[in-house]
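These protein sequences, in sequence, are chains P and F.
Note that the working numbering has the first sequence beginning at 1, numbered continuously upward.
Note that the working numbering has the second sequence beginning at 1, numbered continuously upward.
In short, the hints are calculated from the structure, not lab data.
Do not take every clue at face value.
Just so you know, same-sequence chains aren't split out, so a pair can sit in one copy or run between any two.
Distance condition first, Cα-Cα at most 16 Å in a straight line; then the derived EDC-like pairs of lysine to aspartate or glutamate [what the hints assert, rightly or not]:
#1 165 to 295
#2 337 to 154
#3 165 to 154
#4 329 to 169
#5 329 to 74
#6 305 to 295
#7 168 to 154
#8 327 to 347
Fair warning: this is a prediction, and the values are worked out from it, not measured in the lab.
Protein chains: 2
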Amino acid sequence: MRVIVLGGDGYLGWPTAMRLAARGHDVLAVDNYLRRRIARETDSEPLFATPELPERARLFEESGGPKVEVAIGDCCDFAFLADLFRRFQPEAVVHYAEQPSAPYSMMGYEEARLTLDNNLTATFNVIWAVKDHAPGCHVVKLGTMGEYGTPNIDIEEGWIEIAHKGRKDTFLYPRAAGSLYHTTKVLDTDLLWFYVRTYGLAVTDLMQGPVYGLSTAEADADERLLPNFHYDDIFGTVVNRFLVQAVAGIPLTVYGRGGQTRGYLNILDTLQCVLLALENPAAAGELRILNQFVEQLSVNEIAEKVQRVGNALGLGVAVRSIENPRKEKEDHYYNAKHQGLLDLGLEPHPMTDDVIAGMLERVLRHKGRIERGRILPRVKWSAARSAAEPGRPPAPAGVDA
Amino acid sequence: MRVIVLGGDGYLGWPTAMRLAARGHDVLAVDNYLRRRIARETDSEPLFATPELPERARLFEESGGPKVEVAIGDCCDFAFLADLFRRFQPEAVVHYAEQPSAPYSMMGYEEARLTLDNNLTATFNVIWAVKDHAPGCHVVKLGTMGEYGTPNIDIEEGWIEIAHKGRKDTFLYPRAAGSLYHTTKVLDTDLLWFYVRTYGLAVTDLMQGPVYGLSTAEADADERLLPNFHYDDIFGTVVNRFLVQAVAGIPLTVYGRGGQTRGYLNILDTLQCVLLALENPAAAGELRILNQFVEQLSVNEIAEKVQRVGNALGLGVAVRSIENPRKEKEDHYYNAKHQGLLDLGLEPHPMTDDVIAGMLERVLRHKGRIERGRILPRVKWSAARSAAEPGRPPAPAGVDA
């Protein structure tokens, strides 16, 4: 299958590009390095530097992998994107090309505006590139479980039948996200759903939970092929942050009461899920929504796991609750369905002690590179910065203390 | 009260600015003439030319009305908007500043992109201008009943309690709009709801049905103060189009089977509703949603009314079904609640024969100005134009035949 991976330099993008190529698909990986730029500007560099995309593709081939085509450019530039679609004629596109950090989207006006503009325009352009230049191309879009928020009823897979005053209809499951970043994914879903029912696009929207892990079959061949491992408060997800804290001897920082429950998955399962979605495509005119995670865990449960396994490795791990920089419920009902991908054949990798130990051992090899100042929250939801004053240059994207 | 009216040159904006000023409020009307530009580019000029905003304000004062301040500029330019808010310190803002045409938003890539960018950025900037420069300012946002689409259950006022598997919660009523324009209003609602619950803004979102009419107390003093009366397929709403067709001797064009049912209101009731919302503001942290219409009518019912009244005036009105250029249900369940504004004191002006006769008589005075080529649909939902080819200049915004 001919597949374009947009955001192909990202935490998930590059591992996905390698996996699809290893699986025999023709892959074009596309990125504009927006995440690299934001990471530099916010002092949120990953634990170890990763080569840029053309070099990654070269190293992958050198390690015995197949060729991954690469294009550097911005999906918000429609002429660029349309040209890729016309030239490559993809049968599927994996759309990861979004600003992915919730804290970044809550820093202030400029960061919020960049997140809204970038994410919506990228999705809009993907829709039109498919419509104009690759009709029939299956769009596999990365959404987030965060779109749903934490409702007091069960979370279904994207849709819900509502019985109301003696009548019934089926609707998009109502969404209420906890950050502007997550809200842009809600807007993406609305936009995709409009164009699916109007122009008959075939779309799979993957509502993914927080991902952890840094090992994949392809990256294990050469450490320079590893995913970008962010452990900071801007780009790092909670499990990856806890792993680095355990190794660095910093107490695991639980935000508030720690009852925040979400559905988690190993990056190995992300790769499985995306492959399953691609190889079992949505129909024309279908917006298929799949909840992409393998187990529900609270922040406290994750902290306890990492602490227990870390202590067994002699790390002496402490856990400390700190003031929650976000605005979210810290104790809440959470029961989210996630049957669709299991039905397609997903074989989950749960977060076992062995898995945690393996990740801790990998992080230990890079212990000397850990920058402690990157770990504690630097962005408060309640303290977003105003826009730059008119007539003055825009504020630098450096974070507030 | 100090009120900024964004989109103050529009069909509703200018009458609102005058009404608020007449009611004793301090009004700043803001516009960038986007609608005028699009109307020129698509050959959709109104039935009679209306003066630009500064001239309208001058004529209004000349007719004995109070002063309306005017500012010409783009709400998508945050420096411009922030400066207005800082200087004027509004207690309320009425946000009409959006590209309002559904057919325009379905013409092709450029028109869709302009609609998405303009409408979302305007709303985003209003949120931040309030947050940064006028905290406590009540945002009165014009949404549309079109956000809900035509569900098979009753349409509630913005919110719905869902009972599901033995548990309950209250959600934004699920939305599924019929054009990209209407979808941008869905995105607006999502964005407002996120920032209301995160930053405690006070927002009233008015889900308005199609408006008709061209007479208001203030405009009746001087015909040069009339609203922009569009009767074309791009900016004209169905009732205004039928009035002009009846006068011009063109059969009233019913799209498809004509069972499309919506909630309608006279522009006099729009003015009442906006005033009621302003003078009974939402609380901080509240997204108050009110369905703004006074009666449900199908397209066939409206055609019959206009035909009957037109014939009584000797106009010899015919009705003709034509192929529906849109993608919508032509026979459907529709029962939408609209109690909130009645509870605040709205006194509806239903679409009586007298009201229709009064409108027909006004249009008759301008009969010689009717351009017949503007009335039949020029935009098909199924025939959206591709984006301009890379390296070539963008396509002109002229409509497809």
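Original post:
So which hints don't hold here, by number, going up?
Top reply: Failing hints, ascending: 1, 5, 8.
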